[in-house]
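Following the hints, put chains U and E with the ligands in place on chain W, whose structure we already have.
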Amino acid sequence: MKIRLTVNGLAYERDCAEHKTLLRFLREDLGLIGTKEGCGMGECGACTVILNGRAVNSCMVLAVEADGAAIATIEGEASGPSLSDIQKAFQRNHAVQCGFCTAGMVMSVKELLSTTPGPSVDQVKDAIEGNFCRCTGYTQIIEAVMELTGHPETKGELEHV
Amino acid sequence: MFDDIDASELSYVGKKADRPDMLEKLTGEAVFVSDMEMPGMLHVQLKKSPYARARIKRIDAVKAAAMPGVRAVVTGDELDYHIGLYIVDKYILAKGEVRHYGEAVAAVAAETLEQARAAAEAIRVDYEPLTPVLHHMDALKPDAPLVHPDLGTYSYIQAVFTPKPGTNIANHTKLRKGDVDKGFEESSFIVEREYSCPSVQHVPMETHVAIVQWGRGDKVSIWTSAQSPFTVRNLFCHAFGLPHINVRVQVPYVGGGFGGKAGIGVEPLCAVLSRKAGGKPVKFQASREEEFSLLPCRSALTYRIKTGVSSEGKILAQHMTMYWDSGAYADYAVNVTRASGYSASGPYEIPNAWIDAYTIYTNKPYGTAYRGFGHVEFHWAIERHMELVASAIGMDPLAFRIKNALKPGSITLTGERILPSTGNVVKCIEEAARRINYGRLTDEEKARERKTGWKIGKGVAALQKAPAMPSYTATAVVLKMNEDGSVLVNLSLTDYGQGTYASIRQIVAERLGFSIEKIKVAFENDTDRDPYDWQTVASKGLLMSGNAAILAAEDMLKNAYAVAAEVLHANPRDLGHDADRVFLKHHPDHGVAFAAMAVGYALPNGSGIGGPIIGVGRYIAQGLSNLNKETGEGNPALDWTFGAHGMIVEVNEETGEYRVLKVASIYDVGRAVNPDIVRGQAIGGMIQGLGTAICEGYIYDQQGRLLNPSFTDNKIPTAKDLPLEIECAVVETPQIDGPYGARGVGEHSMISVAPALGNAIQKATGAELMHMPMRFEDVWRAIGKKEPVDNWITKSPVGSCRSAPELRKRD
Amino acid sequence: MVYEFRYLAPKTAAELAATLDDVKSDGKLLAGGTDLIPNIRNGMLKPRVVVDIKKYEGAGRLAFGSDGLTMGPAVTINDLLRSKDARERYPVLCSCAHELASHQIRNRATVAGNVVNASPCSDMAPALLCLGARAVLRSATGERVVPFSQFFAGVKKTVLAQGEFLSMIVVPAESAGTSGNYLKLKRIAGHDLGIVGVLMTRQDGRIRFGVSSAAPTPVLVDTVSEKDDPDEAARKVLAAVLPISDVRGTKEYREHMIGVYARRLFTEVK
Ligand code: FES
Ligand code: FES
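Chains as they are written, first to last, in this note's numbering: chain W, 1 to 161; chain U, 1 to 811; chain E, 1 to 270.
Possibly wrong hints are sitting among the right ones.
Straight-line Cα separation of at most 25 Å, BS3-like style, residue types lysine-lysine; simulated pairs [what the hints assert, rightly or not]:
| # | chain 1 | residue 1 | chain 2 | residue 2 |
| --- | --- | --- | --- | --- |
| 1 | W | LYS2 | E | LYS46 |
| 2 | U | LYS451 | E | LYS251 |
| 3 | E | LYS46 | U | LYS785 |
Beyond 12 Å from chain U on every Cβ pair, some chain E residues (computed) [said to hold, decoys possible]:
| # | residue |
| --- | --- |
| 4 | LYS11 |
| 5 | THR19 |
| 6 | SER95 |
| 7 | GLY163 |
Hints listed in this document are in silico derivations from the structure and should not be mistaken for laboratory results.
Positions of the beta carbon are idealized from the N, C-alpha and C atoms, including for glycine.
Chain W with its partners taken away, still in its complex shape (with noise of 0.2 Å):
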């Protein structure tokens, strides 16, 4: 079936196998990699992507539902060189190990600052409650997304004893 869809503001027109998930449809027809699969199942979150404004699962999408959607993917969150200051928070506070969940939780994060700017940490775990992160134990995670909002005091840090 042919589709058309905008991804990171580039339009795209696809003939697509009806029963791809619109997850494989962006890593094996589009070569948007970023996106990446952790079950396939809907339960681990490393597939966000924001479909027309909102997190989904692209692993649970059909990618000839996303007809005519706009679709934004990690790809997208950098403008030119420079890092987003999602991207740059995650940096600065060590919120990456292995980096294999870090696509997704950048998605659900935008999409909650997008929804609410000034989350409480309550308000940040409720939105990457279904990105899973086996590295991090999420603490660097909610950190980052905290101090770019402005609240800075709730980072820890190593004490030395």
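Just chains U and E with the ligands now, kept in the frame of chain W:
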């Protein structure tokens, strides 16, 4: 490698520094094997066993092989390769018999995933189901079916392991220290209990994946999501009888490992398919379900401990028996057993000890290395036991721990003497206790209890771990100077998220005296280009590769100085350098830029001298030895990292629900090279440990089918599961032979989280938890003194909790 | 996903009904996809045709009228949660909705999808049962209205006949303002299926319990009266459920927790 340099004199080590991999990972540009596509690449789907144990009567793959797009179909029958890390006991695909649910019996490589799936479904397999042996304690019974009837014919590493042919015992590790009988004789109290935990999945977010191309002339290229490129190459070559020179292993960015990708995984399977498909590259990516059931997990453990204590609370004797559930294959589990065996008592001094540690085959997915290498599991037991022994003899558990803790002068189980520089576990315990106001409730906490009706409890648990590795483990680091004087660092210790490369970069910058921006650690690893490293495991990376990096930096400077000496007509001993140039110390204006020498120095007349500047650093573990097979005596430990967690929990006594209010984790890391990375390891591991403690674990049915091979019923902690408050701190007792005094902490953060929680829950409610995970239902059962159930499908008993605690007071 | 199928997206409700009539048991309806697509992926379902229910005019309508709140089959959980009117008038519906899965899933999963699957652990079912909601079922031959109290027919079964689809959920105007609380016991604090879930609602002295994960279908209990004591209330709730042991917990614990929750809710609301 330790120079006693004050922190104030260091520019990079101990300071904040960015991770070098951030940009790629934050923009989606980092390429993982799961992202890779090769021209003409084929995709794999598997046919897997629905039975835990069955004879394969017949496999009919004729139809599948003829289906569109199918380029290769392979069954176990046509292959005769054995694979094994320590005991060579595994086929690439099951042959003759399947030994666990989810084991692969046939594989298809096709042009598309869809075609491969259709063909795999078209394969017909006739099985004759056999009675499986599922629980490791049942597998020890004399009439138990044998998982490996041919155990006696397998090759294995004889200096280290002891399989018992004719039984399901894959290894028996022994340790005998002092005279236990006499120790018990002299004891005023004897307490004997049993503890257990199930198999658990690592859950790297990137599942196992490899691409293999079996080229002409048996030249094999492997791209794999693995921790240890050289071990993949070595085991691969052994399995296929290929010369090492024929095989090239490349490891790009890796989406987490946690020990599950320590050894060899799906590479041989891809290799046989590629060979059969005429050398096309073949990719297999495990689905999440396959990650749970086809790929290895962490072994289950049953641990029985009998402790004799003096009237003053000093442990006099301890008898320890570990039963490790290896599952269908030995893989790393035999070595987990060994490493756990020789440190079975945790960070405590046991003058008279008797240890038997068994690795037991069962018909279940097999066990492997997992962050902590057995220490998470047995510390669960030992640190719960310390708590129960203390309360049984009427002593405060904290005081009991401190009294028996390893201190300078203590002798470990294997006979090693603890030095002041080994690390300070007592300080870790005391600091963890202080940070949670151990032993009392604050006014605030009392008010909270009154308001919520939930009971607050506090617990502490200590930990220790040394790397489990061959006594002659080695690594190397190569530095190459670029034309502009910047430096490329090559090593094959991999960084799959731990952040070791950031620390190595700091160490290199520090030792060279260069600005850190000029140092690059190359991320993608390649056995054809990088120097050897044994494996990226065991929390030995920073210490060993850090030392090699220091040596490489020194070598690089020496080589640069040699050229500079010629250019400057000086004796190298009179030279000094800064970030950019080498100069005469007594005449600093007279110097030569590193950039001018980097790839060879050109004299004014055009003649060249020197040549590209490189630095090589090699490091091998020193002073370690094999352990005596009968007594366990020897020196296995590169370094010991000690630590402790303090935990505050609130528990609803009516329902068993609980919430972790605070965790304070303390480690003696020697020197925190990069504080943010240490903290990332500390918190990440602690949360992973909390997963093990609260919810994770395999659940089987009576036939040995895994009932929860997905995130639906095998939950891992989410952001909402964080304790309300997290503190982490380091004690820094420099490691004499660590780089700038540092020692590893990658695994330690996960150890003893569960017993700290169990101890806190017990303090709050009196619940005696002997089994983890501690699900709300388990806590509710323990509070109500109801029959504990490990697996409520099979109702397999939790032996420990059934046997009455034994406490004897001698006169 | 490696199982192939055809995808159809009818543009009107009538076309949808005709399509369903046409594809018969070969077809599966796709709403949020959060259940269907994983089930196709793991081979549990192998439909030949997937029919998207979201693309017809009005499928995504959430409206308030004299009937009450009406929701088309494409209304997502988060559409509901983002509606200020819904939060004010039907707070109970929204508290159950918030307990469902994760934020990303709530952005896709539909209210209708959560009930047509007839999963015993549906989070929306207790609310719809307690609020007296009705399902409008449509097919090529017409329309019928079924109260949710008669909607669930067994484990993962509803009264939907072949060719029929749930075209609208109606939450009656009379139940606006109903107060209540939903307690869901999970294995972790993060997103999870319930071990048990108990909702108690109260309106004009009328008490209802909706219970999930406690029987082959979601359960409505409307026999509890204000005059009961908490133990009596818990007994009545327990009499209506039939929990089993599975990977998430034992029957014994489930019964205990349903009792605890029923008593707690009853005491709190009183
Ligand atoms: S890959 Fe989509 S949720 Fe895990
Ligand atoms: S950084 Fe590895 S999963 Fe999040």
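Right, here's what the structure says about each hint:
no.	hint	in the structure
1	W:LYS2 / E:LYS46	holds (23 Å)
2	U:LYS451 / E:LYS251	violated (31 Å)
3	E:LYS46 / U:LYS785	violated (47 Å)
4	LYS11	holds (29 Å)
5	THR19	holds (24 Å)
6	SER95	holds (17 Å)
7	GLY163	holds (29 Å)
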